[in-house]
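**Student:** Next come the chains, spelled out residue by residue.
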Amino acid sequence: MQPIIEIRSLVKQYPKSTIPAVSDVSFTVLKGEKFGIFGPNGAGKTTLISMMCGILQPLSGEVIYHVDGSALDPRSALRHIGYVPQDFAFYPELTARQNLVYFGKMYGIPNPELNKRMDNLLEKLGLSHVKDKKIMTFSGGMKRRINLAIGILNEPKILFLDEPTVGVDVQSKHAIIQLLEELNQNGTSILYTSHHLKEAEDFCDRIALIDKGRIIGLGTLNSLTEQHQVENLEELLIRLTGKTMRD
Amino acid sequence: MRKLLASIVKELQLLAHDKVGLLLLYLMPVVLVFIITVVQDSAFKLVNDNQLELLVTNADKGNLGDSLVGMLKRSGNFLIDEKNDLSEKKLQEEGLSGGKLASIYIPENFSEAIENNTGTITKLILTEFGVSADSASSSVRKETSLNIYFDPILQENFQYTLVTNLQTIVAGLENKVMLEKLFGEMGYDEIPEHIASRMTGEQTPVLAKPASLDGKQKLTPNSTQHNVPAWSIFAMFFMVVSLGGNLVKERLSGSFVRLMTIPPGFSFTLVSKMVVYLGVAVSQLFLLFCIGYLIFPYMGLPQLQLPDAVLQLVVVSVLSGMAAVSYAVLIGTYARSQEQANGFGAVSIVIFAAIGGIWVPTFVMPDYMQTVALFSPLHWCLEGYYVLFLKNGDWNALTSSIIFLSLFNVVCQILTFVKLKIQNYL
Numbered sequence: 107m108q109p110i111i112e113i114r115s116l117v118k119q120y121p122k123s124t125i126p127a128v129s130d131v132s133f134t135v136l137k138g139e140k141f142g143i144f145g146p147n148g149a150g151k152t153t154l155i156s157m158m159c160g161i162l163q164p165l166s167g168e169v170i171y172h173v174d175g176s177a178l179d180p181r182s183a184l185r186h187i188g189y190v191p192q193d194f195a196f197y198p199e200l201t202a203r204q205n206l207v208y209f210g211k212m213y214g215i216p217n218p219e220l221n222k223r224m225d226n227l228l229e230k231l232g233l234s235h236v237k238d239k240k241i242m243t244f245s246g247g248m249k250r251r252i253n254l255a256i257g258i259l260n261e262p263k264i265l266f267l268d269e270p271t272v273g274v275d276v277q278s279k280h281a282i283i284q285l286l287e288e289l290n291q292n293g294t295s296i297l298y299t300s301h302h303l304k305e306a307e308d309f310c311d312r313i314a315l316i317d318k319g320r321i322i323g324l325g326t327l328n329s330l331t332e333q334h335q336v337e338n339l340e341e342l343l344i345r346l347t348g349k350t351m352r353d
Numbered sequence: 189m190r191k192l193l194a195s196i197v198k199e200l201q202l203l204a205h206d207k208v209g210l211l212l213l214y215l216m217p218v219v220l221v222f223i224i225t226v227v228q229d230s231a232f233k234l235v236n237d238n239q240l241e242l243l244v245t246n247a248d249k250g251n252l253g254d255s256l257v258g259m260l261k262r263s264g265n266f267l268i269d270e271k272n273d274l275s276e277k278k279l280q281e282e283g284l285s286g287g288k289l290a291s292i293y294i295p296e297n298f299s300e301a302i303e304n305n306t307g308t309i310t311k312l313i314l315t316e317f318g319v320s321a322d323s324a325s326s327s328v329r330k331e332t333s334l335n336i337y338f339d340p341i342l343q344e345n346f347q348y349t350l351v352t353n354l355q356t357i358v359a360g361l362e363n364k365v366m367l368e369k370l371f372g373e374m375g376y377d378e379i380p381e382h383i384a385s386r387m388t389g390e391q392t393p394v395l396a397k398p399a400s401l402d403g404k405q406k407l408t409p410n411s412t413q414h415n416v417p418a419w420s421i422f423a424m425f426f427m428v429v430s431l432g433g434n435l436v437k438e439r440l441s442g443s444f445v446r447l448m449t450i451p452p453g454f455s456f457t458l459v460s461k462m463v464v465y466l467g468v469a470v471s472q473l474f475l476l477f478c479i480g481y482l483i484f485p486y487m488g489l490p491q492l493q494l495p496d497a498v499l500q501l502v503v504v505s506v507l508s509g510m511a512a513v514s515y516a517v518l519i520g521t522y523a524r525s526q527e528q529a530n531g532f533g534a535v536s537i538v539i540f541a542a543i544g545g546i547w548v549p550t551f552v553m554p555d556y557m558q559t560v561a562l563f564s565p566l567h568w569c570l571e572g573y574y575v576l577f578l579k580n581g582d583w584n585a586l587t588s589s590i591i592f593l594s595l596f597n598v599v600c601q602i603l604t605f606v607k608l609k610i611q612n613y614l
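As given, the protein sequences belong to chains A and B, one line each in that order. Here the first sequence is numbered in this note's numbering, starting from 107 and rising by one per residue. Here the second sequence is numbered in this note's numbering, starting from 189 and rising by one per residue.
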């Protein structure tokens, strides 16, 4: 498979910190791959994803996207990226439709296409009946689903997911995972991070384990568990990062 | 353009949802302008239009005290409540308890002192002219005074106006007595009618007229002409609470992270917020001017007179609105929380208003405060509106306001851009 994202020696240190948040991180995400990034709290996952999306500038190193035969920096690749942050990223005072219309137009999706995509997503995520209700009136699961719908409205080639199923019931979780699988089958590469390790085991093709800003493990789940002689991802994380609680 | 339009529509939807914010933006200025205008108009009328209630005790044993009371009544400025049996102390007590803003005590020797003193001067004049040989040089001046007791709540400028008014009336009375004595010394029983009538009927009038830059004197300075523009500016700048807080809220929300991953980025959001709130600022001014023009006359307040220079009015309004928006965006960009933006924003606008002449005209301030006022954007907005609403000025008179407001806008925008660039938001 061809690489879609290349991370080369990425370093990020915040101004008031004495240690780097991300230190010399390099890896590659392949086209059509479901790639997971895992680590304890404060390991550097969010900083790494923020640099990959162009939200933060690295101190050194580079992120290169390979899309449609071109090598692009994160800012240039934004129109191919979808981002579903852990925090709800919408305007709760507006309706689901108003949110989708706004973000869709910001992505530059033409009106007829936008309407088609909105109807399709709302249907798949079970939100058609509440499309004209303000999101502030939604349940936690519904909010999580509309959060995802906005993030994939532009039919991204690369989708970043940060805890996409946190705080949702089993039905919502099922709908979300099913939609993500469908997107992946249609060619979308997915970069995923979560603390639901069982879900991650089932979902990801390859994983990177990160702690204290460094990659401490990279490969398929099977290869890593065999290498470290553990049963599953949770044991692997404890083996590699210890049992000490993190801030 | 489609993206900007979508962003503007989103801002309008958010604004429409924020009922409290809308009340703050539109109802608060209306209430503020109305209350301040009513209060200042009442104060103006208290001194100039209304008859001031005066409690008078005339203890004078002569007839000049009666003449003075008569002149006070005929002046039309006072409503006299005469109680001649009160002592000076009792007069003060009754004045305060009876709600009179001022009380006058005419002393026992009022006539005697005026008669004596004017008689002395008359004799001196006649001796000087060689008409009389009597010498008045040895005459002793008799002291008397007209005591006015003010309610302590009465402001100093009202007291000054009242004292000046009374001094004019007393001076008129003294002149009349002196002339009667002059004619008496010359053998007349009284001042001849044809002279008396010309003395009272041919006083040179003193007319108060507002100066205007175009010499047309179309606009009348009154509480409306001052307060509607002044407090509209204050209310407009108060959008720092709404827009500044809104910007911080947006930055701290999850939607901001998503916006950072959408190609137009945060810049479209910022520009759309500025466009929408500039519209809010201009519509605030339009609303308040309409109320001043259409509603105030029905409420017994002076009607707002609009200047002839419509284009200049539009330019000053847009520049003022943009200054308010730029300042709010600057605060919203540098503040780290909504509390910071709201607190600092509101306090800074109150300070800008105070030093900028919104509450008290800058010309009454000490020199150093007048220099400080030059740094308040509200001062330059107000100067611009004064030129248009009070002086009927043109482009030349607006030059300094336009230059400063443009500079203020540019500086705020640059500082905002620098901060956002440092934070990688643009």
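Don't take every hint at face value.
Listed below are the simulated DSBU-like cross-link pairs for lysine-lysine, each with C-alpha atoms no more than 35 Å apart in a straight line [what the hints assert, rightly or not]:
(1) Lys311/B with Lys278/B
(2) Lys607/B with Lys122/A
(3) Lys237/A with Lys318/A
(4) Lys230/A with Lys207/B
In case anyone wonders, no lab produced these hints; they're calculated from the structure.
**Student:** Which of the numbered hints above does this structure break?
**Tutor:** Structure breaks hints 1 and 3.
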